[in-house]
Structure formats: structure tokens, C-alpha cells
Amino acid sequence: MSHCLCLLTTRGKAGGTSTQVMKDVFEALRQSEVEPVLCTITGEPPAFYIDEGDEDWHYANKEILGRAELLSECSAAMFSGVVIPCAAGNCMDLAKDSAVGALLREFNLMDKPICSIGCGCFGLLTALSATDEGNFCGFAMTGVSND
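Using my numbering, you'd call the opening residue of the sequence shown number 1 and step up by one each time.
Bear in mind the hints are in silico, worked out from the structure with no lab data behind them. Be aware that one or more of the hints could be misleading.
Listed below are the simulated DSBU-like cross-link pairs for lysine-lysine, each with C-alpha atoms no more than 35 Å apart in a straight line [claimed, not checked]: (1) 23 to 96; (2) 62 to 23; (3) 62 to 112; (4) 112 to 23.
Model, not experiment: these values are computed from the prediction.
Please work from the sequences and hints to get the whole structure.
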């Protein structure tokens, strides 16, 4: 089974990430036989907002949710892809952390999948603003319309 990096940069902000969001991401990855691995700037587990009714799921996944890889020690070679889930508490960290941009450029150079969901698109800003090889200049974002 391959592993996909779930990039969360929350620095312990309470309620930074919804359990429902992670539940959806984990389910989609596991259906593709890919195991999620969390990653944060500090290497500490992110703060989760446990949605009503998701307590059992959070408990069942406590081993993965309770630990995180240190961003500076992660490389694209270690993972099959990266997902940046929607987490409003992450927006500023994602948009300003140069290590996020460097890691995303590395995934891009290796032609590995990069998925940003909702507010997770803020993570692409540091990769977009870079001028070195592997940046995302010329890429277009797509999305689903509610219309």
C-alpha cells in the first residue's frame, strides 16, 4: 500500500481541522488503497474539531490522527501524492510557509499528484510565487460549480 501525505500546517490552533473533512479525505484515499500520513510544520498533531457524530471515527483513527510528520523532514520521494485538505485555521500558515512551497514544487517536479481542497489552495501560493524550477506558473485551477 502506498502512502499519501496529508499536509496540515495548523500550529495547534483549536478547531483548525474538521474531523468530517479528514474523514472524507481518508475515505477517498483508502478506497484507492492509499494510506494517509499527516504532516505539520512543527511535527505535532494538528488540532481537530470533532464534529457531532464523528467521535467514534476519530477514536478509531487516533493512531494516524495523533501523530504527524515534521514538514522539514518530508520529501516527495516518500509519498505517492499530497493532499492539502480544507482547514480554515491553516490558511495563513499555508500561504506564507516557504517549506510548503518547496515541498509542493518537489511533488510537481516528480509528476506526483497534488490535490488541494477548498482553503487548501492557499498552500499553492508559496509554490506559485517561486521563481525556481518546479513552480506552478502556467497551471490553472479547476473546481466544481454549484450551478
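Hint-by-hint comparison with the structure:
1. 23 to 96: 26 Å, holds
2. 62 to 23: It holds: about 12 Å lies between the C-alpha atoms, which stays within 35 Å.
3. 62 to 112: With a Cα-Cα distance of about 27 Å, the restraint between residue 62 and residue 112 holds, given a limit of 35 Å.
4. 112 to 23: 23 Å, holds
Violation of the numbered hints given earlier is absent; every hint is satisfied by the structure.
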